[in-house]
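Trainee: For the sequence shown, this note's numbering assigns the number 31 to the initial residue and increments by one for each residue that follows.
Only true hints are included.
Below, simulated DSS-like cross-link-like pairs (lysine-lysine); rule was C-alpha separation at most 27 Å, straight line:
no.	residue 1	residue 2
1	K95	K283
2	K217	K95
3	K283	K217
Calculated from the structure, these hints are not laboratory results. Bear in mind the structure is a predicted one, so any value in this text is a computation, not a measurement.
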Amino acid sequence: MNKALGLTIILASLTVGAWADLVTTDLNYLNDDLNALFQSIGSNIAPQLLQATLSSDLVGEAAFKGDFPHGTFTVPALGVDFGNGIATVLNPGARDWEFAVPLPSLVQSALSGSGGQSYYDASRQIFPYPSTAFGLAFGTVQGIEVLADGFYWPQGLTNFIVGLAPPGLSSMNPQFTATSFMVKVRKVLMHDVGPYPAMSLGLGGVYGEVKLGGTINFSEEFSSSPDLNMNIAGTMSVETQVFGTGLEFDISKRLPVITPFANLGLWYRYAEVSMAPDASDPLTLSISSGTNSDSIPLGSSFSAVDQGIDARVGGGFEIRLWAVILHFSAAFDLEEPLLSINSFTLTGISANEFSLSTGFRYAF
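Just need the whole structure built from these sequences, with the hints factored in.
Mentor: Shown next, in the form of structure tokens:
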């Protein structure tokens, strides 16, 4: 119904000879709507990017056996974060669209011929963030331990995975790269001795980056006016960078073969979301009706900031096979766990992301 009404407005504009106004005013509304979509994608990624970076830490035990040179190195970690969906601004009622044709209708039209509709629907509900990581951790003196890890997800690996999907998805040329680093310094509060578990308190810093994009190319002819044609083509991409710092408490107990562990962290994130037109293939809208035709660039440059405090609750177990340690962990990530003093209730609590990590490391 909204789409039909939008087309009626466009046709009415053309009927009264308002082509110039349509191009300079109405189509600029579409540009604003697209910017809202791109900003939504980046803002949806920002909280999950911090937690995806933290999930690459495969040191479950809260303390090593002693001071330097005791430690471990990871080769490699494998993990996946299942976060809230992206492009949630496309959900019904999330935004009052400015352009005559609501953007969700245009997105569905673009995807209907590519076979990507099911991927689009799923991405607004839950979105996976895969990761790999290499890490190094070691004890120093006086119970001070240093942990560091990082991962890089190249475009080549994305291309390989897309190649296994239906042809319609590969035609959209999906772009996905990710990079992250984490460094944590922790103080051992108690070593694993007798019946007592090991405990430590750490201070950490993280950096993460995700670039997400793809190629758009679709045309639509309107049956109510065979002369009216609309085409949107070009490449769009959004980059999200996150900087985080936080405190983490770890506890573990070494049992025969198995070491169960748990951790609790509170992290501050500062994320920057940005987009710039692709110089070689800018996103462009073209519209024509009879002898009238024009085009405008879409997706102008923008940047936005997302910041907040997130909590992370995790746990798992490790299996020790001499110098080799197998790691299995899971974590829930909670956005904005703030205490309301007036009502004495927790607000904004929701387990909005779930992480699974596994891998193996060598102890020394």
